[in-house]
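Residues per chain are reported as follows:
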Amino acid sequence: MWELFINNWQTFLIGFANTVFSSILALIGSLVIGSGFAILETVPNKFWRIVAKIYIEIFRNIPLLVIAMIFYLVVPQFLFKVNGFTAGTIGLTLYTSAFIAETVRSGINAVGDGQMEGARSNGMTYWQAMRYVILPQAFRIVIPPLGNQFVNLIKNSSVLAFVAGFDLMYQGDIVASNTFETIPTYIIIGIFYLILTMPLSYYMQHLENK
Amino acid sequence: MTPIIEFQHVDKYYGKLHALKDINLTINEGEVVSIIGPSGSGKSTLIRTMNGLESINSGRLIVNGYDLADNKTNINKIRKNVGMVFQHFNLYENYTVLGNIKLAPRVVLHRSEEENEAIAMDLLKKVGLENKAHMYPRNLSGGQQQRVAIARSLAMKPKVILFDEPTSALDPEMIQDVLDVMKLVAEEGITMVVVTHEMGFAREVGNRLIFFEQGRVLEDRKPDEFFDNPETDRAKEFLSKIIH
Chain X
1 MWELFINNWQ TFLIGFANTV FSSILALIGS LVIGSGFAIL ETVPNKFWRI VAKIYIEIFR
61 NIPLLVIAMI FYLVVPQFLF KVNGFTAGTI GLTLYTSAFI AETVRSGINA VGDGQMEGAR
121 SNGMTYWQAM RYVILPQAFR IVIPPLGNQF VNLIKNSSVL AFVAGFDLMY QGDIVASNTF
181 ETIPTYIIIG IFYLILTMPL SYYMQHLENK
Chain P
1 MTPIIEFQHV DKYYGKLHAL KDINLTINEG EVVSIIGPSG SGKSTLIRTM NGLESINSGR
61 LIVNGYDLAD NKTNINKIRK NVGMVFQHFN LYENYTVLGN IKLAPRVVLH RSEEENEAIA
121 MDLLKKVGLE NKAHMYPRNL SGGQQQRVAI ARSLAMKPKV ILFDEPTSAL DPEMIQDVLD
181 VMKLVAEEGI TMVVVTHEMG FAREVGNRLI FFEQGRVLED RKPDEFFDNP ETDRAKEFLS
241 KIIH
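For the protein sequence lines, the chains are X and P, in the order given.
Residue numbering for the first sequence follows full-length UniProt numbering, beginning at 1 and increasing consecutively.
Residue numbering for the second sequence follows full-length UniProt numbering, beginning at 1 and increasing consecutively.
Honestly, the hints are just simulated from the structure, not real lab data.
Accuracy of the hints is not assured; some may be wrong.
Said to hold, decoys possible - One-sided and incomplete, this derived list gives chain X residues near chain P with beta-carbon spacing under 8 Å:
id, residue
1, Gly114
2, Glu117
3, Gly118
4, Asn122
5, Thr125
6, Gln137
From the three backbone atoms N, C-alpha and C, an ideal C-beta is built for every residue, glycine too.
Isolated chain X, as found in the complex (with noise of 0.2 Å):
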């Protein structure tokens, strides 16, 4: 198996920096994109409360394959060119982004309601009490869930395979299909995975444990 990794780690490699990339990419663009939907899912018009809440259904509830293949398939038939690597990358993005407006607006539920108030009624507006006082309380209650998300969103990034995005997962098919090695390849794909999730998963207990 040490073998196979010296032979092809160039490979590997391609795929590791693609997996780590596109994770990076979709996480920040997941926490914006799902804090945003978070706080419009909680703003008094009901509005903007159905659209948030339409999105958030919508993404959470169609597999992220589906989405990864209508980016890479659709997207370019009528809108632009996009390659694997971004039609994945946007697919995951999205995926999670509902996951993570839920997380964020359970975050926001479980602040009480008095903290509003009395942010209110010390003079502040809705969007300065959200800012100063409600939205830093809702994310201290929300790491550890937040940190399990992310842990998925890693796993996940492994759909950039079906789009040809170049991820670990899909330089370790082309690897598999060229030694025909294919237990030993999945094997090192599965400890490079692990070497992103494990270091994060162990934090996020010891962040939960303070």
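We have chain X; now place chain P onto it with these hints.
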């Protein structure tokens, strides 16, 4: 006497429940008005309409010159001058005591850091908690938290402070500290509206007493007159139950 809060034929419903019934009430600058009455009578609803935490269904409610029933009124402008102290304190859990006091003056009034700090420390001294400035609310007793909440309200230099059962969630031995601070506030001439069960405070510090029951103002008098000689049977019954 300058009116600062004026209810004109105000009604409020929760679904079918008629919570406030044709309220006509004028509170003047500098008055200390205690609102007493049985629980469920609508006292809290009444006080919460005064800074727009509860909306009203009909009538006019004018606070510091702004009509609360008018959709165009910017509620934040009213709240700058109308503070509120809650039964459960509602201090910001993500800020220290000092941070709680300084936050709104900083982001709402854009008060300079130097001035803000000086005012906040002054207020903490006044409520006797300057040594707790850097602690978080969760590490304070209820009575201490409530004194911080009063200081937080005062930092905005409001014309009115609304107190919604400020001592009801406190252990008995802490109530007096909070009442003493409220007395200081009264002496500064800030208009106070206090929903309370503390009859001693209502009698000694308050200069007006409202007996509220089933969404109506039943009596609106000088505290001494009310306690010595309640007019309505409901008030007599209420007083006989609480004063032994």
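Verification of the supplied hints:
1. Because the smallest distance between the Cβ of Gly114 of chain X and any Cβ of chain P comes to about 4 Å, under 8 Å, the interface hint for this residue holds.
2. Here the hint on Glu117 of chain X is kept, as its CB sits about 6 Å from the closest CB of chain P, short of 8 Å.
3. The interface hint given for Gly118 of chain X holds, since its Cβ lies 3 Å from the closest Cβ of chain P, which is under the 8 Å cut-off.
4. Taking 8 Å as the C-beta cut-off, the interface hint given for Asn122 of chain X holds, the closest approach to chain P being about 4 Å.
5. Contact between Thr125 of chain X and chain P, as hinted, is supported at the beta carbon level, the nearest pair being about 5 Å apart and thus within 8 Å.
6. This hint holds: Gln137 of chain X has a C-beta 5 Å from the nearest C-beta of chain P, less than the 8 Å allowed.
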